[in-house]
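In order, the protein sequences belong to chains W and B. Counting from 14, one number per residue, gives the positions in the first sequence under our numbering. Counting from 37, one number per residue, gives the positions in the second sequence under our numbering.
No lab work stands behind these hints, which were simulated from the structure alone. Every residue, glycine too, gets a C-beta built ideally from N, C-alpha and C. Among the hints, a few may not be true.
[Said to hold, decoys possible] Rough simulated footprint, nothing fancy, chain W against chain B, three-plus residues with beta-carbon under 8 Å:
hint, stretch
1, 61 to 75
2, 132 to 139
[Said to hold, decoys possible] What follows is a set of in silico ranges between Cβ atoms, one per label pair, in the way DEER data are often shown:
hint, chain 1, residue 1, chain 2, residue 2, range
3, W, A15, B, G77, 13 to 23 Å
4, B, E51, W, N69, 35 to 45 Å
5, W, E64, B, K104, 24 to 34 Å
6, B, R87, W, E64, 42 to 52 Å
7, W, T115, B, D53, 36 to 46 Å
8, W, T18, B, Q96, 36 to 46 Å
Here is what each chain is made of, one letter per residue.
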Amino acid sequence: EAGVTQSPTHLIKTRGQQVTLRCSPISGHTSVYWYQQALGLGLQFLLWYDEGEERNRGNFPPRFSGRQFPNYSSELNVNALELEDSALYLCASSIFKPGQETQYFGPGTRLLVL
Amino acid sequence: GESVGLHLPTLSVQEGDNSIINCAYSNSASDYFIWYKQESGKGPQFIIDIRSNMDKRQGQRVTVLLNKTVKHLSLQIAATQPGDSAVYFCAETFYNQGGKLIFGQGTELSVKP
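This is chain W alone, in the form it adopts within the complex (with noise of 0.2 Å):
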């Protein structure tokens, strides 16, 4: 079974630029969740989305925004980037339900901002 997958695998942008990142969960996961993983600061949460709807948000500004499609496939989009922006994007996929939410990762997107 072909776990999470994510492109592009590297991306490296300048400061006021956008970017978007691309997530497929597992097969058969419906929720899809985004993380930011700075260098020193571990995984800060970003997003959570099921069902083709925003479910939560970590605290990161308005500038981070996504969608889920139907297939339940994600992106992250990143607009005016910053330099604190540079960190691996990691995405992850579940099933939501009480007693199977386990997350499982994808190798993530590595970006660098200039």
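Following the hints, position chain B against chain W.
Structure of chain B alone, referenced to chain W:
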């Protein structure tokens, strides 16, 4: 943020020894806990989980212990191998947490051959 990782604790063990990685969690309402392994350049990989109605759970070469009284979680790895070298994170959540996993700072395990 809830996850602070400015100084990553490290654990160095000899190949074949047992490893114990500890984690203090933050929320007494958390009822589900997961251990992840993250190798360099990769995403976190699920190792084992435990619910708050259990004290211990065993997997292949790994055991997770949960002490709710002191909000402490540990991961024991038996017969540690060089392939176990990675950063290990504990994560906590509860049903109304809105899908959010709260991660610990991580511990870097280094296995010497």
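Going through the hints against the structure:
no. : hint                       : verdict
1   : 61 to 75                   : holds (count 3)
2   : 132 to 139                 : holds (count 6)
3   : W:A15 - B:G77: 13 to 23 Å  : holds (20 Å)
4   : B:E51 - W:N69: 35 to 45 Å  : holds (42 Å)
5   : W:E64 - B:K104: 24 to 34 Å : holds (33 Å)
6   : B:R87 - W:E64: 42 to 52 Å  : violated (25 Å)
7   : W:T115 - B:D53: 36 to 46 Å : violated (29 Å)
8   : W:T18 - B:Q96: 36 to 46 Å  : violated (26 Å)
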